[in-house]
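> The two chains are supplied separately, each in an independent frame; assemble them into the complex guided by the hints.
Respectively, the protein sequence lines represent chains A and B.
Taken in order, the first sequence gives residues 1 to 100; the numbers are from the numbering used here.
Taken in order, the second sequence gives residues 1 to 429; the numbers are from the numbering used here.
Worth flagging that the hints you see were computed from the coordinates, not collected in a lab.
Any given hint might turn out to be false.
Stated by the list, open to error - Pairwise CB distance ranges, derived in the manner of DEER restraints: (1) A/Leu28 / B/Thr327: 31 to 37 Å; (2) B/Thr154 / A/Ile82: 30 to 36 Å; (3) A/Lys36 / B/Ser207: 29 to 35 Å; (4) B/Thr154 / A/Lys25: 49 to 55 Å; (5) A/Lys36 / B/Pro66: 39 to 45 Å; (6) B/Met412 / A/Lys25: 50 to 56 Å; (7) B/Lys343 / A/Leu28: 53 to 59 Å.
Claimed, not checked - Below, in silico cross-link-like pairs of lysine to any residue (SDA-like), each with a Cα-Cα straight-line distance of 25 Å or less: (8) B/Lys102 / A/Met16; (9) A/Lys20 / B/Gln177; (10) A/Lys20 / B/His73; (11) B/Lys299 / B/Thr56; (12) A/Lys39 / B/Cys161; (13) B/Lys166 / A/Met16; (14) B/Lys170 / B/Tyr82; (15) B/Lys39 / B/His73; (16) A/Lys36 / B/Arg160; (17) B/Lys116 / A/Met16; (18) B/Lys102 / A/Glu11; (19) B/Lys90 / B/Ser416; (20) A/Lys78 / B/Glu128; (21) A/Lys25 / A/Thr44; (22) A/Lys74 / B/Val233; (23) A/Lys20 / A/Tyr31; (24) A/Lys85 / B/Ala281; (25) B/Lys232 / B/Ile332; (26) B/Lys426 / B/Ser92; (27) A/Lys74 / B/Met182; (28) B/Lys46 / B/Lys363; (29) B/Lys101 / A/Met16; (30) A/Lys78 / B/Lys90; (31) A/Lys60 / B/Asp326; (32) A/Lys74 / A/Met94; (33) B/Lys157 / A/Ser24; (34) B/Lys116 / A/Lys60; (35) B/Lys76 / B/Met182; (36) A/Lys20 / B/Thr154; (37) A/Lys32 / B/Ser156; (38) B/Lys115 / A/Met16; (39) B/Lys115 / A/Asp4; (40) A/Lys7 / B/Lys166.
Model, not experiment: these values are computed from the prediction.
No residue lacks a Cβ here, since even glycine has one placed at the ideal position from N, Cα and C.
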Amino acid sequence: MTIDNNKVITEQIKTMNAQKGPVSKELLEYYKETQKVQKQILETIKETQKTVPEIAAQTKIASEIVLWHLTAMKKYGKVEPILAKSGYLKYVAMHTEAKA
Amino acid sequence: MTQITNNITDVLVIGSGIAGLQSALDIGDSGYNVTIIEKSPSTGGKMISLSKVFPTLDCASCITTPKMAAVLHHPKVKTMTYTEVKAIRKISDGFEVDVEKKPRYVIEEECISCKKCEEACPVYLDDEFEYGLGVKKAISIPFTNAIPQLPVLTESKCIRCGACAKACPKDCIDFLQEPVSMTIKAKAIIAATGYEIVPMGTKKEYSGDTLLNVISSLQSERLLAPHGPYGKVLRPSDGKIPDNIAYVQCASSRDKSIDVPYCSRVCCMYAIKQAMLLAGALPLAEITIYYMDIRAFGKGYEQFYAQARAMGICFVKAKVAKISEDTEHNPILRIDRQEDGSKPQDQTHDLVILSQGILPTRKDFFGLDVALNEYGFIQSAAPTLSPALTNIDGFFVCGVARGPKDIPDTIMEAGSAAMEAVNYIKGKM
Chain A
1 MTIDNNKVIT EQIKTMNAQK GPVSKELLEY YKETQKVQKQ ILETIKETQK TVPEIAAQTK
61 IASEIVLWHL TAMKKYGKVE PILAKSGYLK YVAMHTEAKA
Chain B
1 MTQITNNITD VLVIGSGIAG LQSALDIGDS GYNVTIIEKS PSTGGKMISL SKVFPTLDCA
61 SCITTPKMAA VLHHPKVKTM TYTEVKAIRK ISDGFEVDVE KKPRYVIEEE CISCKKCEEA
121 CPVYLDDEFE YGLGVKKAIS IPFTNAIPQL PVLTESKCIR CGACAKACPK DCIDFLQEPV
181 SMTIKAKAII AATGYEIVPM GTKKEYSGDT LLNVISSLQS ERLLAPHGPY GKVLRPSDGK
241 IPDNIAYVQC ASSRDKSIDV PYCSRVCCMY AIKQAMLLAG ALPLAEITIY YMDIRAFGKG
301 YEQFYAQARA MGICFVKAKV AKISEDTEHN PILRIDRQED GSKPQDQTHD LVILSQGILP
361 TRKDFFGLDV ALNEYGFIQS AAPTLSPALT NIDGFFVCGV ARGPKDIPDT IMEAGSAAME
421 AVNYIKGKM
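If we strip away everything but chain B, and leave its shape as in the complex, we get (with noise of 0.2 Å):
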């Protein structure tokens, strides 16, 4: 393993979602140097995986793509993706950040991303990026507008052909390229490492992970993107375009029994977004919402979930005690009406999504003792006058890392995280 030390930055940036993007432009814009980190091998974190964001159906990818590209080119910003944060050391004067950068088997120098190595690869595998829906080859760019537009060999599903290097017209294809080892001095840091959703076998009544026609929101997300998987909103167990699909609500959220009793804030809301996109691709179709409580608590949410209901969108306050499946994979949910007191009832339908809840990222932060909250989620210091404070001088925290949030309020908090680091080593200096 190779040994690389002496990287300084005045801000290192961990991940590269829409809070890191957003914080280390704000950063670099101000003329200090900024390091990102991030561990998957395309910037843009989950929001770039997005069909449209709500409350405004503007494109996700359209705002994200922008910004994932002026990184690249910031000439104060420097990005390391494919990079793993593996050990956080507080110093005097700041931070050491010992990283590991992943190989690509690759020669990222060379490479013109002409993807005739993925053409030629015959190894076919699930695309991570499609939440399993989709299909990769051993060797591919991670998505359409992954930034930087660099292949990546999964060396474990490799069968050695040789048919990706035989392809490449530049030579670069590596297959004894090992992982780098360095070291990066940091003035401060900021945390932007996101959230996982809750995954979907965790609530064994919904079956989430058995039932080929009970997906998880993002797997929604990526069927109703436009370069989605299929094309078009397809059912995974045998492509049939859905006439009745249902959403059900704090399917893993204010649940006691699987250790998530908070709720996760933003469920209620892409589920109306969601399911208005969806009236929009199928407008035959019939889509049901099952909830406890809407939670519309944004600039315009309100008005939102009213055009949803005025678009014939379905509202059912029930909670959804099981979830099986018949003969034809057709999900069969068994609900409980909250509003008029009739008996539990068998619903069918044919595709479920579940509105999984969110989930911190880390429990520990790479050996640095930073406060978290009951959920697992970074204590603010001063939750009310500067949430980005943690109980770490010269660690800084921004969106969801610190708590479920809407992609607004994780704009707004990378910024103010960016400023509150950008003070601290302007005081330093």
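Chain A with its partners taken away, still in its complex shape (with noise of 0.2 Å):
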């Protein structure tokens, strides 16, 4: 981005804020709860492979809520599966020597 387009872009935002008012409070905590799941998860899987059940037992995440952030991460890079032909794939962060 061009510093030109900065100034633009922070203007822009400004200009939204004043027609639309704030973000919502609701939208800030989703955004925040996102991130700070994501992070945990990646902590979890940082060294050592796991299934969505391994990950949400020690996480305390529900498992459908571990797999919805997991498909996330894998989509954009953060995570990737480990194939199996039956029972869980493994996750394993990426960009790190898991052990399996």
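Quick look at the structure:
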């Protein structure tokens, strides 16, 4: 982004805030929670490959939510699934030497 | 809101699923100008989200994507995505159509589809293209092979951090974009508005909207697609590779209690197709289809059904009365077998797919007095000889907008509607 455009975007965001009011508290909470949960999950699989139930048990986060975040992080290159023929896939944080 | 007027076209096609794409291409190839209006950010409709088609098991995306690209580059076809029809008026020499182009918050002419905005965005949301199974960012290109390859900002979920704008190398994020209204004059219109599936919670006994491992047939299509949300067939509750999968046929069709008394026609065949694909993806899994009747109506469909049986897919003639779940979210089906007279039984599976029925997309047609049949699909004025004709001169219909049908019939009807529209315009010249 050019310096000029930086100013344009700052002005646009100011205008949006003036026209539509600030970003809702619920949305900001949702965003913070998402970041927190993903950080927690990444921490869990930084060094060891784990399945969804294993991550859920360790983080105390519901397994369907763990899967949702792993799906997100897989899509955007933060985690890698280790393929399996049955049972559960294991997931590992990218760019780490995780133990099998 | 910006107003633009004086748009003139020969034929306006509403919808860019396989029916809309085919009719637009046929009309364009005949030398007439076509404008496609598509409410979604990409062309392709439902078909682009399917895994494969029956009975050939050809890749659905490989059939649809070339048509999407052909439409985009066709000199006679103008495609307006992320645009909704607001009103249609019949006038002496055709129709006036009010449309509204929704803001993407991206300057389309400048965007180079580099996805840097999407990478930078920190907000994750449910992805509607994956029917809730996948995840997208608040600014994202709708799916891998979307056409046009332009991102859309979900403004209501944007935290206004500016990360997308900072990452954009072409400075093409515009947070202040507004909807653009315009009126298009068309000599003829083709309605290719497709269908919706019956919402998952409609049949209360099946609890499709609350049980985690009870999914819809379109969600199942995404699980089976090469670029599906998980990259493999997993169940949504815990990511387990399912060993025991069931299909419930007529899950919301042929049921007066939910106001869908008709047969949706294609559910049997898509369930058989999906079962065969699942058998290929998960060779050790047990797959059961609970059905009332199997409707294998097209060319090669009966052989396809026989092939599925030969592959070991289990067909059980039974009605499913209720679906509940155990403590590990395994769905439990209360079934009533219809052939051996046995008492109702409970069957537990890892994953259950409901073969949801098909609904018309609209009950009104943008203010136009189009005749609908008793189920809300557009009524053909001459169903045997010219199915594309409606009660309104110059207004044609094709595909599932006229009633449930498979892809070959839809494509055939799209061609028919295109020729009717061309003949109509020729007759007016």
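> All hints, please: hold or fail.
Verification of the supplied hints:
1. Range check, A/Leu28 to B/Thr327: Cβ separation about 35 Å, and the 31 to 37 Å hint holds.
2. Against the hinted window of 30 to 36 Å, the Cβ-Cβ separation of B/Thr154 and A/Ile82 comes to about 32 Å, which satisfies the hint.
3. A C-beta distance of roughly 31 Å is found between A/Lys36 and B/Ser207, which places it inside the suggested range of 29 to 35 Å.
4. For the pair B/Thr154 and A/Lys25, the beta carbons lie near 18 Å from each other, so the given range of 49 to 55 Å is not met.
5. A beta carbon spacing of about 44 Å between A/Lys36 and B/Pro66 agrees with the range 39 to 45 Å that was offered as a hint.
6. In this structure the supplied range 50 to 56 Å holds for B/Met412 paired with A/Lys25, their Cβ-Cβ distance being about 54 Å.
7. Under the hint 53 to 59 Å, the C-beta atoms of B/Lys343 and A/Leu28, about 55 Å apart, fit the expected range.
8. With a C-alpha separation of about 17 Å, the suggested pairing of B/Lys102 with A/Met16 holds against the 25 Å cut-off.
9. A hinted pair counts as satisfied when its Cα atoms are at most 25 Å apart, and A/Lys20 with B/Gln177 qualifies at roughly 14 Å.
10. A distance of roughly 38 Å separates the Cα atoms of A/Lys20 and B/His73; the hinted pair therefore is violated under the 25 Å criterion.
11. A threshold of 25 Å between alpha carbons decides the hint, and for B/Lys299 with B/Thr56 the separation of about 11 Å falls inside it, so the pair holds.
12. Distance restraint check for A/Lys39 and B/Cys161: the Cα-Cα separation of roughly 19 Å lies within the 25 Å cut-off, and the hinted pair is therefore satisfied.
13. Using a Cα cut-off of 25 Å, the hinted pair B/Lys166 and A/Met16 holds, with the two alpha carbons roughly 17 Å apart.
14. As the CA atoms of B/Lys170 and B/Tyr82 are separated by approximately 22 Å, the hinted pair is consistent with the 25 Å bound.
15. About 19 Å separates the Cα atoms of B/Lys39 and B/His73, which keeps this hinted pair within 25 Å; it holds.
16. A C-alpha spacing of about 19 Å is found between A/Lys36 and B/Arg160, which places the hinted pair at or below 25 Å, so the restraint holds.
17. Among the hinted pairs, B/Lys116 with A/Met16 is consistent with the structure: their alpha-carbon atoms are about 22 Å apart, no more than 25 Å.
18. Annotation: proposed proximity of B/Lys102 to A/Glu11 holds, straight-line Cα distance about 22 Å (limit 25 Å).
19. Between B/Lys90 and B/Ser416 the CA atoms are separated by roughly 22 Å; this keeps the pair inside 25 Å, and the hint holds.
20. Restraint check: the Cα-Cα separation between A/Lys78 and B/Glu128 comes to about 22 Å, which is no more than 25 Å; the hinted pair holds.
21. Our distance criterion of 25 Å between C-alpha atoms is broken by A/Lys25 and A/Thr44, whose separation comes to about 29 Å.
22. The suggested pairing of A/Lys74 with B/Val233 holds, with an alpha-carbon distance near 15 Å, which does not exceed 25 Å.
23. A hinted pair counts as satisfied when its Cα atoms are at most 25 Å apart, and A/Lys20 with A/Tyr31 qualifies at roughly 19 Å.
24. With a CA separation close to 9 Å, the supplied pair A/Lys85 and B/Ala281 stays within the 25 Å bound.
25. About 24 Å separates the Cα atoms of B/Lys232 and B/Ile332, which keeps this hinted pair within 25 Å; it holds.
26. The suggested pairing of B/Lys426 with B/Ser92 holds, with an alpha-carbon distance near 16 Å, which does not exceed 25 Å.
27. For the given pair, A/Lys74 sits about 41 Å from B/Met182 by alpha-carbon distance, which is inconsistent with the 25 Å threshold.
28. For the hint linking B/Lys46 to B/Lys363, the alpha-carbon distance of about 19 Å falls within 25 Å, and the restraint holds.
29. For the hint pairing B/Lys101 with A/Met16, the CA-to-CA distance comes to about 20 Å; that is within 25 Å, so the pair holds.
30. At most 25 Å may separate the alpha-carbon atoms for a hinted pair to count; A/Lys78 and B/Lys90 exceed this at roughly 54 Å.
31. Proposed proximity of A/Lys60 and B/Asp326 is supported: the alpha carbons are some 20 Å apart, at most 25 Å.
32. Of the pairs offered as hints, the one joining A/Lys74 and A/Met94 holds, with about 9 Å between alpha carbons and a cut-off of 25 Å not exceeded.
33. Under the criterion of a C-alpha separation no larger than 25 Å, the hint pairing B/Lys157 with A/Ser24 is consistent with the structure, at around 9 Å.
34. Taken as a hint, the B/Lys116 and A/Lys60 pair is broken in the structure, with Cα atoms around 33 Å apart against an allowance of 25 Å.
35. For the hint pairing B/Lys76 with B/Met182, the CA-to-CA distance comes to about 20 Å; that is within 25 Å, so the pair holds.
36. Restraint check: the Cα-Cα separation between A/Lys20 and B/Thr154 comes to about 15 Å, which is no more than 25 Å; the hinted pair holds.
37. In summary, the hint linking A/Lys32 to B/Ser156 is supported, as the alpha carbons are separated by about 16 Å, within the 25 Å threshold.
38. Straight-line distance between C-alpha atoms of B/Lys115 and A/Met16 comes to about 24 Å, which keeps the hinted pair within the 25 Å bound.
39. Restraint check for B/Lys115 and A/Asp4: satisfied, since their Cα atoms lie roughly 22 Å apart, inside the 25 Å limit.
40. Simply put, A/Lys7 and B/Lys166 have alpha-carbon atoms about 11 Å apart, close enough for the 25 Å limit, and the pair holds.
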